[in-house]
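*Asks:* Hints are included, so try docking the two chains, each in its own frame, into the full complex.
Protein chains in written order, with our numbering: chain A, 1 to 139; chain B, 140 to 328.
Treat the hints as calculated values from the structure; they're not laboratory data.
These numbers were taken from a predicted model, which means no experiment stands behind them.
Each residue gets a CB set at the ideal place from its N, CA and C atoms; glycine is no exception.
Be aware that one or more of the hints could be misleading.
[Unchecked claim] Derived DSBU-like pairs: lysine-lysine, alpha-carbon spacing no greater than 30 angstroms straight-line:
| id | chain 1 | residue 1 | chain 2 | residue 2 |
| --- | --- | --- | --- | --- |
| 1 | B | Lys302 | B | Lys322 |
| 2 | A | Lys75 | A | Lys65 |
| 3 | A | Lys103 | B | Lys302 |
| 4 | A | Lys105 | B | Lys302 |
| 5 | A | Lys65 | A | Lys97 |
| 6 | A | Lys65 | A | Lys46 |
| 7 | B | Lys192 | B | Lys302 |
| 8 | B | Lys266 | B | Lys192 |
| 9 | A | Lys65 | B | Lys302 |
| 10 | B | Lys302 | A | Lys46 |
| 11 | B | Lys302 | A | Lys97 |
| 12 | B | Lys269 | B | Lys322 |
| 13 | B | Lys302 | B | Lys266 |
| 14 | A | Lys105 | A | Lys75 |
| 15 | A | Lys75 | B | Lys302 |
| 16 | A | Lys97 | B | Lys192 |
| 17 | B | Lys192 | A | Lys65 |
| 18 | B | Lys283 | B | Lys302 |
| 19 | B | Lys266 | B | Lys283 |
| 20 | A | Lys75 | A | Lys97 |
| 21 | B | Lys283 | B | Lys322 |
| 22 | B | Lys192 | B | Lys259 |
| 23 | A | Lys75 | B | Lys322 |
| 24 | A | Lys75 | B | Lys283 |
[As the list claims (entries may be wrong)] Computed far set for chain B versus chain A, every beta-carbon distance over 12 angstroms:
| id | residue |
| --- | --- |
| 25 | Gly175 |
| 26 | Leu178 |
| 27 | Gly184 |
| 28 | Phe251 |
| 29 | Ala255 |
| 30 | Gly257 |
| 31 | Asn267 |
| 32 | Lys269 |
| 33 | Asn270 |
| 34 | Val293 |
| 35 | Asp313 |
| 36 | Ala316 |
| 37 | Lys322 |
[To be verified] Some chain A residues judged to face chain B by a derived CB distance under 8 angstroms, without partners named:
| id | residue |
| --- | --- |
| 38 | Ser36 |
| 39 | Gln39 |
| 40 | Arg42 |
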Amino acid sequence: MLNSKRNIALVSSAILLIAFVVHFLVITAPEKNHTSQLQLARIDFKQPIDSSEAGRICNLINRQKGVENSYFNIKDGILVVAYYLNSGQTGETIYHKVMSFGKYKAVRFVLEKKGGGCPIHNSNSFLYRFYVYYQKVFQ
Amino acid sequence: MKKQIFTLSALALLSFVFFPSCEKDEETQPPATNTGPTLYERVGGTALVNDPKNPGTMIETGRLTLRSVVDSAILVIAADPQMTPFFPVLLEEVGEGETTGLSALSLNLTDFMAMATGSKTAVYGGKNMKNAHNPATNPRMGAKVSAADFDRFVADVSIALGKNGVTDQQLISDLVALLNTTKGDIVQN
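In isolation and in its complexed conformation, chain B is listed as follows (with noise of 0.2 angstroms):
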């Protein structure tokens, strides 16, 4: 018995060793329809990299990828007059030096895009996207969004996209479908 003990735990230290990680098995493993890799899976998928923002701290590189464009997202939107009368409380949020509201949208919006592209991992918390872009159901939305203004985001997004080295124009393309299919519930005016 002691000896099947010793056995076993042998094997279960062995397998640790030389057995894959839970990344690499998932890497490994056929996917899950015949339509190919997930929008998660090409810009990066779950394969653990640091995260060069948190030292010490492990990010999926899809994750990374759709932070850095969700960051360089607010960025432009935010040097862009046509977005500005969207975003009061934010804008004067910021003015008094305030981080909380931006660091939620930076955070939410990073939530969302990986779970709308196929992260397995990431959860969106946030409203959904009809509530959260109707000023009377949510107070930080400054207006109704026109279908030029859902436009003009959609290119503002692509410019963060270009800035992040995403060129692949197939990618950017379903990228920007993906988001398209936000438009009924985001446009209201």
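For reference, chain A alone in the conformation it holds in the complex (with noise of 0.2 angstroms):
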């Protein structure tokens, strides 16, 4: 009877170590970064864009596999779309397939690079590499 009581007792004791340790897992586990792998397209357009058509194209786009949002600036004919890499999309194929949805006076947005700098912002270097490999295992 005892040894019964004192089982009950431990297992008790057990399961509410055990919710302690879930629960305080859940509460303070890191959040992960959403961002990790968001990119952004910038298309300039060359024309008058009206918000009826800017709201087409926005919507048309974030149907697109991998897109996460976009947002048009009707004043000045920017559209700026947020893309997840690991989709397969790239600035390239988000500009070909905005300019698929009508005919557009519109040109992709490259900042000129400017070249030197910090060896972890070149794609080529080892340090990006590195850290890049760093980011997959560890996030």
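*Replies:* Here is the structure:
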């Protein structure tokens, strides 16, 4: 009888401990950074785009695989699309997809590379590749 | 003695089953001050919900709201030619397919906003506002910010608030007022 009660007490304590650990882990688990694979593509329109056309473009591009969100600055004719790199999309594929929605005069915005700088910013450098590897393993 | 241990264990187990979580405890506690709910509580507070971007992970509603606003604000700012000169390094990285800077920006801004609005769990680990916006102490910053640039930034954040369903004018006004408290450190031109 005493053994039985002791077993129940032990099992209860074990359940309590497990519940506490699970609760603690859920509450304190670090947030995964959902943006670790997020990338931006910018397209500059060289013609006026009204709000309904801008809305249509955003709706269409948002439906594409790997596209997270988009925003159209109507005043300046600039479309920015956020997409996931690991979806197979690139700035180029996003641009061509947008251009397939209509006959637009638009160019893909690519910042002129300044060169030099920190090696971690050079996608061909060992440091950059090590950083990407580190990210994949630990995120 | 064994009976006492058994009773205590059973009570402890029952407490886990019937007692509310830490989360609900905090919600039922009276506010620490008599100034009403914090901004963090007004944008959702500490109630845990499933993180739509990270399946299987929980996130505080307040943090989820702020993170969504930050991510939208990044899009709005990226589409704003007046803001472009301030982020040359970030834009160059984005052009090369590197995401680390963008990722860090989203996380840092979310942490900063969460902490500033009253989150008890968020920790901002970035530079202070003065150094973060000074090209001499932050090489990622392309130029010094003028008052007009800062106002434009606030306007971009307001657009992002609207895109995320934050339409309560008082709440928007209070969040903008909070942003404006950093103006003295950010405007250096």
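*Asks:* Taking the hints in turn, state whether each one holds.
*Replies:* Structure-based check of each hint:
Taken as a hint, the Lys302/B and Lys322/B pair is honoured in the structure, with Cα atoms around 24 angstroms apart against an allowance of 30 angstroms. About 28 angstroms separates the Cα atoms of Lys75/A and Lys65/A, which keeps this hinted pair within 30 angstroms; it holds. In summary, the hint linking Lys103/A to Lys302/B is supported, as the alpha carbons are separated by about 28 angstroms, within the 30 angstroms threshold. The hinted pair formed by Lys105/A and Lys302/B meets the criterion: a straight-line CA distance of about 27 angstroms does not exceed 30 angstroms.
Taking the CA atoms of Lys65/A and Lys97/A, the gap is near 11 angstroms; set against the 30 angstroms cutoff, the hint holds. A threshold of 30 angstroms between alpha carbons decides the hint, and for Lys65/A with Lys46/A the separation of about 26 angstroms falls inside it, so the pair holds. Restraint check: the Cα-Cα separation between Lys192/B and Lys302/B comes to about 17 angstroms, which is no more than 30 angstroms; the hinted pair holds. A hinted pair counts as satisfied when its Cα atoms are at most 30 angstroms apart, and Lys266/B with Lys192/B qualifies at roughly 27 angstroms.
With a CA separation close to 21 angstroms, the supplied pair Lys65/A and Lys302/B stays within the 30 angstroms bound. Distance restraint check for Lys302/B and Lys46/A: the Cα-Cα separation of roughly 25 angstroms lies within the 30 angstroms cut-off, and the hinted pair is therefore satisfied. Of the pairs offered as hints, the one joining Lys302/B and Lys97/A holds, with about 24 angstroms between alpha carbons and a cut-off of 30 angstroms not exceeded. For the hint pairing Lys269/B with Lys322/B, the CA-to-CA distance comes to about 10 angstroms; that is within 30 angstroms, so the pair holds.
For the suggested pair Lys302/B and Lys266/B, the alpha carbons sit about 28 angstroms apart, so the restraint of at most 30 angstroms is met. For a cut-off of 30 angstroms, the pair hint linking Lys105/A to Lys75/A stands: about 16 angstroms separates their Cα positions. A C-alpha spacing of about 17 angstroms is found between Lys75/A and Lys302/B, which places the hinted pair at or below 30 angstroms, so the restraint holds. For the hint linking Lys97/A to Lys192/B, the alpha-carbon distance of about 24 angstroms falls within 30 angstroms, and the restraint holds.
With a C-alpha separation of about 15 angstroms, the suggested pair Lys192/B and Lys65/A falls inside the 30 angstroms cut-off, and the hint holds. A threshold of 30 angstroms between alpha carbons decides the hint, and for Lys283/B with Lys302/B the separation of about 28 angstroms falls inside it, so the pair holds. In summary, the hint linking Lys266/B to Lys283/B is supported, as the alpha carbons are separated by about 16 angstroms, within the 30 angstroms threshold. The hinted pair formed by Lys75/A and Lys97/A meets the criterion: a straight-line CA distance of about 22 angstroms does not exceed 30 angstroms.
Distance hint between Lys283/B and Lys322/B is fulfilled; the C-alpha atoms sit about 12 angstroms from each other, no more than 30 angstroms. Of the pairs offered as hints, the one joining Lys192/B and Lys259/B holds, with about 22 angstroms between alpha carbons and a cut-off of 30 angstroms not exceeded. Of the supplied pair hints, the one linking Lys75/A and Lys322/B holds, its CA atoms being roughly 26 angstroms apart against a limit of 30 angstroms. For the proposed pair Lys75/A and Lys283/B, the alpha carbon gap of about 25 angstroms is at most 30 angstroms, so the pair holds.
For Gly175/B, the shortest C-beta to C-beta distance to chain A comes to about 26 angstroms, beyond the 12 angstroms cut-off, and the non-interface label holds. Against chain A, the non-interface label of Leu178/B holds: every CB pair exceeds 12 angstroms, the least being about 20 angstroms. The beta carbon of Gly184/B sits about 15 angstroms from the closest Cβ of chain A, which is more than 12 angstroms, so the claim that it is off the interface holds. The Cβ of Phe251/B lies farther than 12 angstroms from every Cβ of chain A, with a closest approach of about 14 angstroms, so its non-interface assignment holds.
Every C-beta of chain A lies more than 12 angstroms from that of Ala255/B, the closest at about 17 angstroms, which supports listing it as non-interface. No Cβ of chain A approaches the Cβ of Gly257/B within 12 angstroms, the least distance being about 18 angstroms, so the stated non-interface status holds. For Asn267/B, the shortest C-beta to C-beta distance to chain A comes to about 22 angstroms, beyond the 12 angstroms cut-off, and the non-interface label holds. Every Cβ of chain A is farther than 12 angstroms from the Cβ of Lys269/B; the closest lies at roughly 22 angstroms, confirming the non-interface assignment.
In this structure Asn270/B is separated from chain A by more than 12 angstroms, as the shortest Cβ-Cβ distance comes to about 18 angstroms. Listed as outside the interface, Val293/B is consistent with that label: its C-beta sits roughly 16 angstroms from the nearest C-beta of chain A, beyond the 12 angstroms cut-off. Distance check on Asp313/B: its Cβ is at least 24 angstroms (rounded) from any Cβ of chain A, clearing the 12 angstroms threshold; non-interface status holds. Distance check on Ala316/B: its Cβ is at least 25 angstroms (rounded) from any Cβ of chain A, clearing the 12 angstroms threshold; non-interface status holds.
With a closest Cβ-Cβ approach of about 23 angstroms to chain A, Lys322/B is found to remain outside the 12 angstroms limit, as its non-interface label requires. Nearest Cβ of chain B to the Cβ of Ser36/A: about 5 angstroms, under the 8 angstroms cut. The hint holds. Among the interface hints, the one on Gln39/A holds; its C-beta lies about 6 angstroms from the nearest C-beta in chain B, closer than the 8 angstroms criterion. At its closest, the beta carbon of Arg42/A sits 6 angstroms from a beta carbon of chain B; the interface hint therefore holds under the 8 angstroms criterion.
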